[in-house]
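Participant: Let the sequences and hints guide you as you build the complete structure.
Chains as they are written, first to last, in my numbering: chain A, 1 to 330; chain B, 1001 to 1330.
Hints are computed from structural coordinates only; laboratory data are not their basis.
Quick reminder that beta carbons are idealized off the backbone N, C-alpha and C, glycines included.
Mixed in with the good hints, there may be bad ones.
[Claimed, not checked] Partial chain B-side listing against chain A, Cβ under 7 Å, derived:
#1 1242
#2 1270
#3 1316
[As the list claims (entries may be wrong)] Result set (EDC-like, lysine to aspartate or glutamate): computed pairs, CA atoms no more than 16 Å apart in a straight line:
#4 A:289 <-> B:1255
#5 A:275 <-> B:1276
#6 B:1263 <-> A:307
#7 B:1275 <-> A:271
#8 B:1008 <-> B:1033
#9 A:263 <-> B:1206
#10 B:1289 <-> A:271
#11 B:1263 <-> A:105
#12 B:1275 <-> A:139
#13 B:1072 <-> B:1235
#14 A:275 <-> B:1255
#15 B:1288 <-> A:260
#16 B:1073 <-> B:1033
#17 A:288 <-> B:1260
#18 A:288 <-> B:1255
#19 A:263 <-> B:1307
#20 B:1289 <-> A:260
#21 B:1275 <-> B:1235
#22 B:1263 <-> A:271
#23 A:275 <-> A:246
#24 B:1288 <-> B:1271
#25 B:1288 <-> A:255
#26 A:263 <-> B:1282
#27 A:263 <-> B:1139
#28 B:1263 <-> A:282
#29 A:73 <-> A:105
#30 A:232 <-> A:280
#31 A:289 <-> B:1260
Number of protein chains: 2
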Amino acid sequence: MKTGLASKILKGDASAAARLISEIEDETAVALEEMSRLYPHTGRAYIVGITGSPGAGKSTLTNNLIGFFREKKMMVGVVAVDPTSAFTGGAILGDRVRMQTHSADKDVFIRSLATRGWVGGLAKAALGAVHVMDGMGKEIILVETVGSGQIEIDITRAADTTVLVLTPIAGDEIQMMKAGILETADVFVINKVDKGGADLLRAHLELMLSMKPQLPGEWPPDIVLTEAIYGKGTEELAVEILRHREFLVNSDGLEQRQRERIKLELMETVEGYLKDFIHEIDQGDYLKKLVATLAQGKTNPQSAAREITARLGRDLSRLQSSDRANRKAS
Amino acid sequence: MKTGLASKILKGDASAAARLISEIEDETAVALEEMSRLYPHTGRAYIVGITGSPGAGKSTLTNNLIGFFREKKMMVGVVAVDPTSAFTGGAILGDRVRMQTHSADKDVFIRSLATRGWVGGLAKAALGAVHVMDGMGKEIILVETVGSGQIEIDITRAADTTVLVLTPIAGDEIQMMKAGILETADVFVINKVDKGGADLLRAHLELMLSMKPQLPGEWPPDIVLTEAIYGKGTEELAVEILRHREFLVNSDGLEQRQRERIKLELMETVEGYLKDFIHEIDQGDYLKKLVATLAQGKTNPQSAAREITARLGRDLSRLQSSDRANRKAS
Chain A
1 MKTGLASKIL
11 KGDASAAARL
21 ISEIEDETAV
31 ALEEMSRLYP
41 HTGRAYIVGI
51 TGSPGAGKST
61 LTNNLIGFFR
71 EKKMMVGVVA
81 VDPTSAFTGG
91 AILGDRVRMQ
101 THSADKDVFI
111 RSLATRGWVG
121 GLAKAALGAV
131 HVMDGMGKEI
141 ILVETVGSGQ
151 IEIDITRAAD
161 TTVLVLTPIA
171 GDEIQMMKAG
181 ILETADVFVI
191 NKVDKGGADL
201 LRAHLELMLS
211 MKPQLPGEWP
221 PDIVLTEAIY
231 GKGTEELAVE
241 ILRHREFLVN
251 SDGLEQRQRE
261 RIKLELMETV
271 EGYLKDFIHE
281 IDQGDYLKKL
291 VATLAQGKTN
301 PQSAAREITA
311 RLGRDLSRLQ
321 SSDRANRKAS
Chain B
1001 MKTGLASKIL
1011 KGDASAAARL
1021 ISEIEDETAV
1031 ALEEMSRLYP
1041 HTGRAYIVGI
1051 TGSPGAGKST
1061 LTNNLIGFFR
1071 EKKMMVGVVA
1081 VDPTSAFTGG
1091 AILGDRVRMQ
1101 THSADKDVFI
1111 RSLATRGWVG
1121 GLAKAALGAV
1131 HVMDGMGKEI
1141 ILVETVGSGQ
1151 IEIDITRAAD
1161 TTVLVLTPIA
1171 GDEIQMMKAG
1181 ILETADVFVI
1191 NKVDKGGADL
1201 LRAHLELMLS
1211 MKPQLPGEWP
1221 PDIVLTEAIY
1231 GKGTEELAVE
1241 ILRHREFLVN
1251 SDGLEQRQRE
1261 RIKLELMETV
1271 EGYLKDFIHE
1281 IDQGDYLKKL
1291 VATLAQGKTN
1301 PQSAAREITA
1311 RLGRDLSRLQ
1321 SSDRANRKAS
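Facilitator: Below, the structure is given as structure tokens:
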């Protein structure tokens, strides 16, 4: 299984990067192998999460930011995550169209990820794609995700700077507050300010932010106004992102964010292993017999679940030793 | 912890039922205890899953079906599941309003369940609510869920009869096919036929159904046309549901569906236990140290994940023996 993907990626090879991200999405053995080679060379890129409701203008803003960072001669990576696309269809295509201004620029690498059924794996795949782009030498990686649920919260936690894009049009800010995103955003963007109502939304936001207790040494989130389709406010936003990076570098914030990201990826990987084991149990006769016992009312789901969990435990505790044996044998 | 909820529920006590469902949602020890008492007395109710896109008219159809089954003197339970409501808000309230025709009827028990963050637990809570209503003596339980994702597929698999509600308005049928629901529905409803386009949708559906190989002894799904807001087609739909029940009773289908349901509940319970253990690991110093090692590039997420998994295995394999010890001691 010597595909050499990792070493090609470290030289900046875009097609090797594209291939490895596909392998990560498919959770193949190649992905495992190449990622463990790539991993020690990563951790240098700066990761910016861009989130907000569908239609808030995230892709247009992302496109503008690519342009700004490219002018500064930075190497840029973009991961566009759409957890809803299995059901809504075309969103991703639209995003790609909006970002194609930069598709001919070889120092920009853009990849879209959509759910393949199990949303849980998406955050892991997104972080995998980030590592790949990091390994390619991208200095800034923009992770764009639709604001609707766990994956967004995960990616928000995993980014160095989180940008929340709101519009004065809908009651977005209320939804975001419910989802716990408002508390974690580092930069707020009010986009589509030409539609009116931006002042009211700004006042609302400022009120909410003022209600949050500000700890000493903590970053005070700022609000940037943009009109993404006319390119207005791009520089202000980019400067704010870089200002936040500066702040993190000068505190221990950057390290904290990195650890949060590592932890998230680690736990997602653990959950992936567990899913595999559960799938295995799901296939066998053992489960069939247990279900029959339940159907006869001879036990209850709680006791039966504990029995399975204990069995799973015995299987899992054998995992590491056999894994070690394999490593010695190879 | 002798709350006596299970024995009250077995006598048909609605407030005890409401209380136990809340305990199930909160995953309390009371829920565990009372459910294991209730469980041997369940398994008699007939479970009908009603699914479809938001706005397809599921709640109105459900309300109509309640009326029909009540006229036949059947005891009816309704579980309305809304996995999206944490973000969209009001949906549940709307459903309750639509079903309130029957709120004064003590032989109808209606309960709404919304996600409390982790969607994964919702299918388990819904099945728990079904057990409670089953224990109360409800003969038919309607489980209404919005068609958008894993929870719907789970509940579809767990129902005895699955009704898929489509409308001629949008391209719903395509979305449903993607989600794998079309393959598992037993009865198709085309609602809002007064809006026009029903014939085309029917032709589409029939074509798709004809492309699915029909195995001998398999139920051939039928299509029912309704105008739910005018009550039109309710009887045809109810008759079709009862005809499917008859079919299952006369084959081994009913038992198969029941086992599918038991299996789903069992595996959801197992996943719940695993989440608890993962949460425990998440809190400790152990994970912090491992993350630090990763941050230094001394290991990779895959190896670290295997180490955690093995540790989890050792914890889990101790679960059953300590559980047994507890039972002997009590």
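Participant: Each of the hints needs a verdict: does it hold here or not?
Facilitator: Now the hints, each set against the structure:
1. The closest approach between the C-beta of residue 1242 (chain B) and any C-beta of chain A is roughly 23 Å, which is over the 7 Å cut-off, so the hint fails.
2. A distance limit of 7 Å between C-beta atoms decides the matter here; for residue 1270 (chain B) the minimum to chain A is near 5 Å, and the interface restraint holds.
3. Interface restraint check: residue 1316 (chain B) against chain A, minimum CB-CB distance 3 Å, threshold 7 Å, status holds.
4. The hinted pair formed by residue 289 (chain A) and residue 1255 (chain B) meets the criterion: a straight-line CA distance of about 14 Å does not exceed 16 Å.
5. Taken as a hint, the residue 275 (chain A) and residue 1276 (chain B) pair is honoured in the structure, with Cα atoms around 15 Å apart against an allowance of 16 Å.
6. With a C-alpha separation of about 14 Å, the suggested pairing of residue 1263 (chain B) with residue 307 (chain A) holds against the 16 Å cut-off.
7. Of the supplied pair hints, the one linking residue 1275 (chain B) and residue 271 (chain A) holds, its CA atoms being roughly 9 Å apart against a limit of 16 Å.
8. Restraint check for residue 1008 (chain B) and residue 1033 (chain B): satisfied, since their Cα atoms lie roughly 14 Å apart, inside the 16 Å limit.
9. Taking the CA atoms of residue 263 (chain A) and residue 1206 (chain B), the gap is near 50 Å; set against the 16 Å cutoff, the hint is violated.
10. With a CA separation close to 19 Å, the supplied pair residue 1289 (chain B) and residue 271 (chain A) exceeds the 16 Å bound.
11. The straight-line distance between the Cα atoms of residue 1263 (chain B) and residue 105 (chain A) is roughly 52 Å, outside the 16 Å bound, and the hint therefore fails.
12. For the hint linking residue 1275 (chain B) to residue 139 (chain A), the alpha-carbon distance of about 35 Å lies beyond 16 Å, and the restraint is violated.
13. Straight-line distance between C-alpha atoms of residue 1072 (chain B) and residue 1235 (chain B) comes to about 11 Å, which keeps the hinted pair within the 16 Å bound.
14. For a cut-off of 16 Å, the pair hint linking residue 275 (chain A) to residue 1255 (chain B) is broken: about 27 Å separates their Cα positions.
15. This hinted pair checks out: residue 1288 (chain B) and residue 260 (chain A) have alpha carbons roughly 10 Å apart, not beyond 16 Å.
16. Annotation: proposed proximity of residue 1073 (chain B) to residue 1033 (chain B) is violated, straight-line Cα distance about 32 Å (limit 16 Å).
17. Distance check on the hinted pair: residue 288 (chain A) and residue 1260 (chain B) sit about 10 Å apart at the alpha-carbon level, within 16 Å; holds.
18. Straight-line distance between C-alpha atoms of residue 288 (chain A) and residue 1255 (chain B) comes to about 13 Å, which keeps the hinted pair within the 16 Å bound.
19. Distance check on the hinted pair: residue 263 (chain A) and residue 1307 (chain B) sit about 14 Å apart at the alpha-carbon level, within 16 Å; holds.
20. Distance hint between residue 1289 (chain B) and residue 260 (chain A) is fulfilled; the C-alpha atoms sit about 13 Å from each other, no more than 16 Å.
21. For the given pair, residue 1275 (chain B) sits about 44 Å from residue 1235 (chain B) by alpha-carbon distance, which is inconsistent with the 16 Å threshold.
22. Proximity of residue 1263 (chain B) to residue 271 (chain A) is assessed by CA-CA distance (about 20 Å); at most 16 Å being required, the pair is judged violated.
23. This hinted pair does not check out: residue 275 (chain A) and residue 246 (chain A) have alpha carbons roughly 40 Å apart, beyond 16 Å.
24. Between residue 1288 (chain B) and residue 1271 (chain B) the alpha-carbon distance is near 24 Å, which puts this suggested pair outside the 16 Å criterion.
25. For the hint pairing residue 1288 (chain B) with residue 255 (chain A), the CA-to-CA distance comes to about 13 Å; that is within 16 Å, so the pair holds.
26. Between residue 263 (chain A) and residue 1282 (chain B), the direct Cα distance comes to roughly 9 Å. Compliance with the 16 Å bound is thereby established for this hinted pair.
27. Our distance criterion of 16 Å between C-alpha atoms is broken by residue 263 (chain A) and residue 1139 (chain B), whose separation comes to about 48 Å.
28. The hinted pair formed by residue 1263 (chain B) and residue 282 (chain A) meets the criterion: a straight-line CA distance of about 9 Å does not exceed 16 Å.
29. Taking the CA atoms of residue 73 (chain A) and residue 105 (chain A), the gap is about 12 Å. The hint holds against a cut of 16 Å.
30. Restraint check for residue 232 (chain A) and residue 280 (chain A): the C-alpha separation of about 54 Å exceeds 16 Å, so the hint is violated.
31. For the suggested pair residue 289 (chain A) and residue 1260 (chain B), the alpha carbons sit about 13 Å apart, so the restraint of at most 16 Å is met.
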